[in-house]
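**Student:** Since the structure of chain F is provided, determine the placement of chain E on it from the hints.
Number of protein chains: 2
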Amino acid sequence: MKALVLEEKNQLPRYTEREVPALAQDGVWVEIKAASLNHRDVWIMKGQYAGLKYPVIPGSDGAGFFEGKEVILQPGSGWGSDKKFQANSYQILGLPSDGTFSERVQVQRSQIFPKPPHLSMEEAAALPLAGLTAYRVLFSRCNAQAKEKLLVTGAGGGVALFCIQFALKAGLEVYVTSGEDSKIDKVKAMGVQGGANYKSGDWVGELKRQSGGFDLIIDGAGGPDFANLIKLANPGARIGIYGGTNGAVPNFSLQPVFWKQLSILGSTMGSEQDFADMLAFVNAHQIVPVLDSVFDLADGAKAFERMEHGQQFGKIVLKMP
Amino acid sequence: MKALVLEEKNQLPRYTEREVPALAQDGVWVEIKAASLNHRDVWIMKGQYAGLKYPVIPGSDGAGFFEGKEVILQPGSGWGSDKKFQANSYQILGLPSDGTFSERVQVQRSQIFPKPPHLSMEEAAALPLAGLTAYRVLFSRCNAQAKEKLLVTGAGGGVALFCIQFALKAGLEVYVTSGEDSKIDKVKAMGVQGGANYKSGDWVGELKRQSGGFDLIIDGAGGPDFANLIKLANPGARIGIYGGTNGAVPNFSLQPVFWKQLSILGSTMGSEQDFADMLAFVNAHQIVPVLDSVFDLADGAKAFERMEHGQQFGKIVLKMP
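Residue numbers (our numbering), protein chains in the order written: chain F, 1 to 321; chain E, 1 to 321.
So that you can see chain F by itself, here it is in the shape it has in the complex:
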């Protein structure tokens, strides 16, 4: 089978022919037609996971065929019985097991769901991991409600864009931050109310003027700007965090957290129930993922380079041969 293989740390993946491995006892084969990249894939390329072993076929997101039917894959397995957190057995496709950047992938039957009929294979492949992460942090963890004022940071990212799309359909008033004015313009065209460029001077004051403050903030960055999110939070606000790409928060003051009765809610991935709920929401609202670009699997190295440079707006998709 054709596949994209990471063979060494810090090396772009190689498009190659791979022997089809034996099927595990509880595994089934799914034929992949399209897959999409996540930051996770780039971090795996950079060797930033404990216990990582090369070679590995990366990829957590895929859509394709199973027993003649169009399907989409739940990237996680083994969440466990408690909806509040994943069990130690929890795994995501693409590490340590081979992932979706391949003509075929081995999964558990419980990971296979019907593809949303209104989506193409490329669009469906863009949905799973980022859509699941967005759905859980926004609804399961932060209980987003219609009419609330929501700030989503880093408007171009996959999870951020799904948060924006889901929240708009749920009736929230959405604002964003981004490092590029063009991305703010693009989400405004989707229905977002306002936004500010965090590379500009007084972006915090600007957002405060536009919105009056936020009932809900969804952030995947952390870092020094997290203190500004605390400032922008209304009393009683929830701040959902699904990542920390900008590193630790220096000198984090708890005073506004207790005085404003804030809730800081960590979230990662999602349970089987979150995934089923997310698909139902996408179907009910006919949501179409935003695609940045589609590459042939053979050009997968270029897709990784684009992801690494962070210039994308929406999901980067791979198409199988």
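Keep in mind that the hints were calculated from the coordinates and are not lab data. All of these numbers come straight from a predicted model, not from anything done at the bench. Each residue gets a CB set at the ideal place from its N, CA and C atoms; glycine is no exception. Wrong hints could be hidden among the right ones.
Cβ pair distances, simulated, as ranges [as the list claims (entries may be wrong)]: (1) Gly212/F / Gly78/E: 20 to 26 Å; (2) Met190/F / Gln145/E: 36 to 42 Å; (3) Ala22/E / Gly212/F: 36 to 42 Å.
EDC-like cross-link-like pairs, simulated, lysine to aspartate or glutamate; straight-line CA separation at most 16 Å [unchecked claim]: (4) Lys260/F / Asp82/E; (5) Lys231/E / Glu206/E; (6) Lys33/E / Glu67/E; (7) Lys46/F / Asp82/F; (8) Lys319/E / Glu31/E; (9) Lys9/F / Glu308/F; (10) Lys84/E / Glu148/F; (11) Lys2/E / Glu103/E; (12) Lys33/E / Glu103/E; (13) Lys84/F / Glu148/E; (14) Lys260/E / Asp82/F; (15) Lys208/E / Glu148/E.
**Tutor:** Chain E only, in chain F's frame:
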């Protein structure tokens, strides 16, 4: 009327005769028999509140008589209509309005509640602010449940001790930290399962060994040790914070917060409903506040010194002449 008056920043309060002021339009006079100190009173003495004006009679906690009946006072007023957070109108007795370290105090009628019958005036006076803060953070914010493993930091403090007492009655398994072994011994005698001295070597490992990790952590300190609380938190745990006496958290990593699906829940004081619920809980479980010491109002300066040095175990109470 006799009262304890703060006349200047960083000066201990003076016991003196004060003229009874005019009654405000919506005010009523309550005769105070006993009052108790909070850290807030010491911070007011040190001038650490914005807009603070001397002279002021401090004191947020009081018990006494109103219309011939034994009463206890709700220290806050003007919480507002949203149970999630206090309105801008929210005020606490003792700043800016004169407080309870006096023979009489002016309050709104809605702040007056029947004194729990099983408590003496001194015991009842120990309850309001610390009991309210403990009740809200533990139950209203963190939804404490029977059989959960709870860590309470700083076992000697007023709020911490009420958290311990309430949680034990609610069926939780309680552990503590303290800087003094003798305080750990005292809470163990109350039913606490275990604890560790945070001045000892490997207190984090010690608590981990004793408990296996915590489902719920209540902290009023913050500071560098907050990172250790994150380490001790089980997946899905809630960390309730009601203060930050040890200052900001240096270099706060969000990674364990989202990966372990943690909830960090800020809380301060409590709503009218929280206060009524707290009193009902105290009555139902016949909870008796832990008193550190009782001073005559005339010796109030000594009470302030004791509070400032932080050696107390339980509440410091003032008795009216």
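**Student:** Hint by hint, note whether the structure agrees.
**Tutor:** Hint check results:
1. Gly212/F / Gly78/E: 20 to 26 Å: holds (21 Å)
2. Met190/F / Gln145/E: 36 to 42 Å: At 41 Å between Cβs, range holds.
3. Ala22/E / Gly212/F: 36 to 42 Å: holds (38 Å)
4. Lys260/F / Asp82/E: Roughly 13 Å between the alpha carbons, so the hint for Lys260/F and Asp82/E holds.
5. Lys231/E / Glu206/E: Roughly 13 Å between the alpha carbons, so the hint for Lys231/E and Glu206/E holds.
6. Lys33/E / Glu67/E: holds (14 Å)
7. Lys46/F / Asp82/F: Violated. Lys46/F to Asp82/F sits at ~32 Å, over the 16 Å cutoff.
8. Lys319/E / Glu31/E: holds (12 Å)
9. Lys9/F / Glu308/F: Given pair Lys9/F, Glu308/F holds - Cα atoms ~14 Å apart, limit 16 Å.
10. Lys84/E / Glu148/F: The given pair, whose Cα atoms are some 14 Å apart, holds under the 16 Å limit.
11. Lys2/E / Glu103/E: holds (6 Å)
12. Lys33/E / Glu103/E: It holds: about 7 Å lies between the C-alpha atoms, which stays within 16 Å.
13. Lys84/F / Glu148/E: holds (14 Å)
14. Lys260/E / Asp82/F: holds (13 Å)
15. Lys208/E / Glu148/E: With a Cα-Cα distance of about 15 Å, the restraint between Lys208/E and Glu148/E holds, given a limit of 16 Å.
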